[in-house]
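Residue numbers (the UniProt record's numbering), protein chains in the order written: chain Y, 1 to 289; chain G, 1 to 289; chain C, 1 to 289; chain Z, 1 to 289.
Among the hints, erroneous ones may be present.
The list cannot tell twin chains apart, which means a pair is met if one copy fits it or any two copies do.
EDC-like, lysine to aspartate or glutamate: derived pairs with alpha carbons at most 16 Å apart [unchecked claim]: (1) 184 - 153; (2) 251 - 286; (3) 16 - 28; (4) 129 - 111; (5) 127 - 111; (6) 248 - 111; (7) 149 - 180; (8) 251 - 111; (9) 77 - 14; (10) 16 - 54; (11) 248 - 286; (12) 16 - 57.
No lab work stands behind these hints: they were computed from the structure.
Protein chains: 4
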Amino acid sequence: MQSQIVTFLIKCPDQKGLVAKFTTFFYEQGFNILSCQQYVNAMADRYYMRIRLDAAEAEISKKELEDKFEKVATTLKCTWSVHYGKEKQNVAIMVSHTSHCLYDLLERQREGTIDCNISLIISNHNKLKPIADMFGIPYYHLPVSKETKIQQEAQIVGLLEEYTVDLIVMARYMQILSEDFINKYPQRIINIHHSFLPAFQGANPYQRAYERGVKLIGATAHYATVDLDEGPIIEQDVERISHESTPKTLKGIGADIERLVLAKAVKCHLQHQIIVSDNRAIVFPESGE
Amino acid sequence: MQSQIVTFLIKCPDQKGLVAKFTTFFYEQGFNILSCQQYVNAMADRYYMRIRLDAAEAEISKKELEDKFEKVATTLKCTWSVHYGKEKQNVAIMVSHTSHCLYDLLERQREGTIDCNISLIISNHNKLKPIADMFGIPYYHLPVSKETKIQQEAQIVGLLEEYTVDLIVMARYMQILSEDFINKYPQRIINIHHSFLPAFQGANPYQRAYERGVKLIGATAHYATVDLDEGPIIEQDVERISHESTPKTLKGIGADIERLVLAKAVKCHLQHQIIVSDNRAIVFPESGE
Amino acid sequence: MQSQIVTFLIKCPDQKGLVAKFTTFFYEQGFNILSCQQYVNAMADRYYMRIRLDAAEAEISKKELEDKFEKVATTLKCTWSVHYGKEKQNVAIMVSHTSHCLYDLLERQREGTIDCNISLIISNHNKLKPIADMFGIPYYHLPVSKETKIQQEAQIVGLLEEYTVDLIVMARYMQILSEDFINKYPQRIINIHHSFLPAFQGANPYQRAYERGVKLIGATAHYATVDLDEGPIIEQDVERISHESTPKTLKGIGADIERLVLAKAVKCHLQHQIIVSDNRAIVFPESGE
Amino acid sequence: MQSQIVTFLIKCPDQKGLVAKFTTFFYEQGFNILSCQQYVNAMADRYYMRIRLDAAEAEISKKELEDKFEKVATTLKCTWSVHYGKEKQNVAIMVSHTSHCLYDLLERQREGTIDCNISLIISNHNKLKPIADMFGIPYYHLPVSKETKIQQEAQIVGLLEEYTVDLIVMARYMQILSEDFINKYPQRIINIHHSFLPAFQGANPYQRAYERGVKLIGATAHYATVDLDEGPIIEQDVERISHESTPKTLKGIGADIERLVLAKAVKCHLQHQIIVSDNRAIVFPESGE
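If we strip away everything but chain Y, and leave its shape as in the complex, we get (with noise of 0.2 Å):
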């Protein structure tokens, strides 16, 4: 294996001597291991882990290690997934009319804060193309009404497989997708919902947040599940305002929240952070190695 980290992420029952047996089994491989973050769910008896490697001293292939870690995998009843950091994600950005969020990914993974690949972005609507070609990234208008979804997602859903994209991103794309599709991509579609949820679910957040009367308003980023706005809640922020802000403030506001919570979440993923179980996302910190 070339000099390169590889990290591991690991779910299974609570049962005694995990960390210890883990870690052995890494450090017997060869690897050096930078960081290894747990969590231990109590209440439920689930044991998870996200264990960093230094690969350069490990003289195992990647098959190896994985046939080697599966049979460890089955003794403890572990799910688990590895990924290894020279392979760079794809990623797809889906937008409609709002343009703060797609900008915002852009200028992060063109300075490197975000690392990836920005592989192509999909509109329902031409109004972004002018910032996908600032950026030289392939824009894809695919315009949508009720008739012509199922079309419409298939488009989708080729460009993706065309593309070989690893993660979609929402970055405000205000169409509501098919079951179908969202259940062909778990865990793999990352939304960012204009309220701090669970208030406030559904359409028009900011307008409802300013009737309600609240003193502070968010944003939050998570999972698309087939639930509308239920999914796993990977990173939600918040901001103070006052009775002087309007509907149209909040939307100001929140605008600065919502790219800064899905930026994070994006982050957060492509560096192998999270676990989702029970609808929950279990996200591991930044490691400082």
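Assemble chains G, C and Z onto chain Y, guided by the hints.
Just chains G, C and Z, lined up with the frame of chain Y:
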């Protein structure tokens, strides 16, 4: 009028010249205007003012002031109230089992950061009596069941009258008050709810926050209305949590938010910073005079 | 006067009747007062006002308005300025190597959340020219060394005059400007410093924050004065970090704070929300009209 | 060993296989590992671990455990400490005139959110004795002047020994302790400073924050060292203020930050979450087990 600070809270339809008319009125009665805070709700065409006056050089009686202002108010279609700094308000605290908000309010009143009399504590349990004793506040233990609710509330009303209570603070009083009781004290009952409303209305918010996997939890202080947890929000705040948090640790983190949020709301009320309109609480910031 | 919003910023010694006098004055000239924000510094006996007027029904010329107000101002010993909504301000951005603040400002201007012309970008390096090109903004590469500093600044001054620049934004321009330069543009140069001032003034704040082991890092936007990093603070914010953070990850976290803080400060300046007094920036909140 | 939780805090040079070795060691002694938190400082090549063990099924005595671990530690060049859950720590609180932090700590201890004995309160004034009496804690009034400082500190040392105090909390004790005193209790004195250090070290931070015109104020809890306000920072927080804030209102806002920050720091210390290294406090988050 003796030397003191006088606060007017005014609401009326928006119209040209309001601030000039109000400030000129008070200026002509000999008041020095310490601060004059306004809010124009342009969407609803409503105008709101909080004006604080130094009465040191005003040689007008309360009666005269109020009569004169009423004339202005009638012309401009104002609803208004006036509050004299020398009149300390009487507060009743209602509690059940949980002590953190009670301690906090007693302490702040003792230290002078909340300026009022805490006249009595009412509880459906006897558990927190020792705290009342420590601080020398009368404690009334009024148990309640479905059957005795009407009588118990009548006893409470009796006590509130006996102590001429101005403000009722539900510092984690885990009973639902009757509509009759609530309607008797409009904008005079402050409740603390242990979630970031409108998320997790109703029972067990920390358990539900855990299950939903939110990344921040909060607390909300609001005026009690007959619609449970739907009254005008005075203050809210949140704190970041992690997947490590259990419902039990959430309770601990939440307790600190509840204390601060409730104390701030009570302070804003006592300082006459709040005007309620359309179920929204307009909370003017504390002026620095 | 055409239909537009007019903003007055006023400071004067505190005295009885000010708000009545000012608001009556504008009311009598036919203006509708949209918002009227005041601050009384009781310790220094100083009064500050920001008043926003709708000129739709005011049949007075600019000249006449200013002459009339000057008479009032002289009587009350006011310093004041007036700003007409129709006059878009010209902004110059100065940068070195770092792009995040530049991207952010360009984007916000493009999206309309910052209302100004970005007239030109000036840099001592050529590195960020491609970004200027993407957004179609003139980019001037003016290298600088100790020896050429005077000439380089003269060139900058020439450009600022050519473009009739109103505001200079140092978006991580890592050069120290000369006293002459700074004195030429009082309260017209906004700098972003990558620490929570007054902590970590000067160079390498993230490295020093790491070494000191602080638990939060921040950023500060301030008007540049001849005392480095000591000008009036317009906006600051912080973000929580952990012991895992390295100087490098601090830089990443800090970049997001810098972007937001600088954008907010620029917006407050452009919206005439700021009055400077005794090296303190009084920043009136955005009014919701 | 009786059923209890055992916590090890370990630091050593970084080297391959550490986590495997430590966790295997504890696993083999019959402990269940509840949580295992690590931090690798890659720049300094240092490794830190906090490991929490359930001793329910471990049939080893304390002595035996410590002897065995010492052998491992010697090989790996570790510095370490072990803490047994059943041993409640004794805390002394030192105060002067200000009561908010004192109230807060007493209350939290009473409610069980801070798990310790508060053995005694020491003050150079008599003012806060009534609070000690309310909570039934011995109060020692030890006045101090320049001349009597050595004797007064000797008296304090006597009391700390008499009560076998583990932790000294300076809850706004406004005296500077001597080097001798401080050196006697390394990492066992926690001080609260009423600013966001390193900003506003030394006296009158709120006055200076006002004068500097900062937009946020803060508080910092740190271990006391001989360099005043320069010890390892355990916890900090900030709160937004406005230009309306006076030094007096800053004091009020700051008091709430101080209370929370000090309480969190004390809790982290009592729960053995802290390892100090190079004047930085590594504070492991509370584990959710």
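Within, between, both or neither: residue 16, residue 57 at alpha-carbon 16 Å: For residue 16 and residue 57, only the inter-copy Cα distance (11 Å) is at most 16 Å; the intra-copy one is 29 Å.
Identical-chain pair category, residue 251 with residue 111, by Cα at 16 Å: Between copies only: 13 Å across chains, 26 Å inside a chain, cut-off 16 Å.
Intra- versus inter-subunit Cα pairing at 16 Å for residue 251 with residue 286: between (30 Å within a copy, 14 Å between copies)
Alpha-carbon proximity between residue 248 and residue 286, which holds within one copy, between copies, both or neither at 16 Å: Intra 35 Å, inter 13 Å, cutoff 16 Å: inter-copy only.
Same-copy or cross-copy closeness of residue 16 to residue 28 [CA-CA at most 16 Å]: Intra 20 Å, inter 11 Å, cutoff 16 Å: inter-copy only.
Status of residue 111 relative to residue 127 across identical chains (alpha carbons, at most 16 Å): Between. Shortest inter-copy distance 13 Å satisfies the 16 Å Cα cut-off; intra-copy 24 Å does not.
Intra/inter-copy verdict for residue 129 and residue 111 if alpha-carbon distance must be at most 16 Å: between (21 Å within a copy, 14 Å between copies)
16 Å Cα threshold - placement of residue 54 relative to residue 16: Result: close only across copies, 11 Å inter versus 26 Å intra.
Intra- versus inter-copy proximity for residue 180 and residue 149 (alpha-carbon distance at most 16 Å): This pair counts as within: shortest intra-copy Cα distance 12 Å, inter-copy 53 Å.
Same-copy or cross-copy closeness of residue 184 to residue 153 [CA-CA at most 16 Å]: within (11 Å within a copy, 57 Å between copies)
Up to 16 Å CA-CA - residue 14 versus residue 77, copy category: within (10 Å within a copy, 32 Å between copies)
Copy assignment of residue 248 with residue 111, given that the CA separation must stay at most 16 Å: Between copies only: 14 Å across, 31 Å inside.
The structure fails none of the hints (numbered hints given earlier).
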